[in-house]
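Going down the list, the sequences are from chains A and B.
Residue 12 is where the first sequence starts when you use this note's numbering, and the numbers rise one by one after that.
Residue 318 is where the second sequence starts when you use this note's numbering, and the numbers rise one by one after that.
Keep in mind that a hint or two might mislead.
Quick list of the computed label-pair ranges, beta carbon to beta carbon [to be verified]:
#, chain 1, residue 1, chain 2, residue 2, range
1, A, 136, B, 523, 38 to 44 Å
2, A, 70, B, 474, 28 to 34 Å
3, A, 57, B, 330, 51 to 57 Å
4, B, 364, A, 31, 52 to 58 Å
5, B, 565, A, 102, 35 to 41 Å
6, B, 565, A, 174, 22 to 28 Å
To be clear, the hints were calculated from the coordinates, so they are not data collected in a lab.
Beta carbons are placed, not taken as given, at the ideal position from N, Cα and C, and that holds for glycine.
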Amino acid sequence: MNAPLETVEIEATVNGERVKRSVPARQNLADFLRHELELTGTHVGCEHGVCGACTVRVDGEIVRGCLMFAAQADGCKVDTIEGLSDSREIEELQSAFVLTNALQCGFCTPGVLMAAQALLRDLPNPSREQIREYLSGNYCRCTGYQAIVDAIEAVAKTRQARGNR
Amino acid sequence: MKAPRFAYARPASVAEALALLDKHRDDARVLAGGQSLVPMLNFRLAAPKVLVDINRIAALAGIKVTKTHVRIGALTRHAEIERSADIARHLPLVAAAMPHVAHPAIRNRGTFGGSCALGDPAAELPACALALEATFVVAGKKGERRIAAEDFFKGLYATALKGGELLIAAEFPLARPGYASAFGELARRHGDYAMVGVAAHGSGKSVRAVFFGVGDRPVALEAENAGGILSKLDTDLEPRGDLHASAAMKLHLAKVLAGRVLGELTA
Chain A
12 MNAPLETVEI
22 EATVNGERVK
32 RSVPARQNLA
42 DFLRHELELT
52 GTHVGCEHGV
62 CGACTVRVDG
72 EIVRGCLMFA
82 AQADGCKVDT
92 IEGLSDSREI
102 EELQSAFVLT
112 NALQCGFCTP
122 GVLMAAQALL
132 RDLPNPSREQ
142 IREYLSGNYC
152 RCTGYQAIVD
162 AIEAVAKTRQ
172 ARGNR
Chain B
318 MKAPRFAYAR
328 PASVAEALAL
338 LDKHRDDARV
348 LAGGQSLVPM
358 LNFRLAAPKV
368 LVDINRIAAL
378 AGIKVTKTHV
388 RIGALTRHAE
398 IERSADIARH
408 LPLVAAAMPH
418 VAHPAIRNRG
428 TFGGSCALGD
438 PAAELPACAL
448 ALEATFVVAG
458 KKGERRIAAE
468 DFFKGLYATA
478 LKGGELLIAA
488 EFPLARPGYA
498 SAFGELARRH
508 GDYAMVGVAA
518 HGSGKSVRAV
528 FFGVGDRPVA
538 LEAENAGGIL
548 SKLDTDLEPR
558 GDLHASAAMK
568 LHLAKVLAGR
578 VLGELTA
């Protein structure tokens, strides 16, 4: 695709489903997911990559949905909080968040869960400091983070005890 | 806010990208990782008519080690550099800097070349390139040219890149025996841009320390030893105050951090 276009045809696999759309070049991935696909679990906070509420997975790696254009997701595999939730991939994290009160208003939670799952894949046995460092890109204005770190630490320990991730 | 309207092009090769940049000149911006450019678009600090997305140009990505250099392709993601055994072995300064570059989700997308081509004075990688005396490889219509890091960073968000040119790679000389490096940074929140940072490299005979976040570009100081660097800070650093710290506070932090980092270097 070489000539500059203001509208771009894209095909992507979102939460396992093939989608094909015509998108404005300026539309970011988070807005595309929310407005076009009605996947509103991906939240939009700061729109400049600071808050982490829009964290989604593209080709297996977490990214900021607000700092990537939908046009760039052409041909990519995109996973959102809805996909991870439906597949039960983050079931333990979700339960632990409920048990430890790791959310209050819930606005940051989808992004935090996306990041937490990536953290436990990369570092199955993280220290509390490593959890804090990894989550430094996700703002939470309710909890003070303590309970979020507790929840992630608890899941890491459960998974370790079980001998898998 | 949202990005203003633009037209999007996704060239498949460097030649195609150069043709687009040549055609659209000042109306075009290169979209690499987008982790700084997209916020600038969303804030309406930039409003290019055309974005040239280089993310599918595979030839621009990757790390190669030769007998004399480590070559980091412009499109190499921060996350790849962070995980690279070659970088850990040959460029320990860059490896030490990586955890300070933003946050994991941003490192998955942000690129080495994007960070250097942007020329943010508080960024880690330009400072590392300057400390290790890297050379930037730049392609244009007339072919490639090489620019020493010393001559590359020209000021606030200003580099030696000319209109129509594309940063291809950076070449770092392999670490020499007897040299060590150390890195440190102070930020309000882990992963945020530095209030003050130091990238240092040296041997028993000479020390080169690059300070960032304290001027309109990274500032390199050289001396025979750590004490020589420390004695220059009052005269050679002229930080400006910003939202995060006053000029006096920045200078103070630079001294404290330099003491720590240079102590680590010579330990």
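Taking the hints in turn, this is what the structure says about them:
1. A:136 / B:523: 38 to 44 Å: holds, 42 Å
2. A:70 / B:474: 28 to 34 Å: holds, 30 Å
3. A:57 / B:330: 51 to 57 Å: Since the Cβ atoms of residue 57 of chain A and residue 330 of chain B sit about 35 Å apart, the hinted range of 51 to 57 Å is violated.
4. B:364 / A:31: 52 to 58 Å: violated, 29 Å
5. B:565 / A:102: 35 to 41 Å: violated, 52 Å
6. B:565 / A:174: 22 to 28 Å: With a Cβ separation near 55 Å, residue 565 of chain B and residue 174 of chain A fall outside 22 to 28 Å, so the hint is violated.
This entry does not satisfy hints 3, 4, 5 and 6, going by the numbered hints stated previously.
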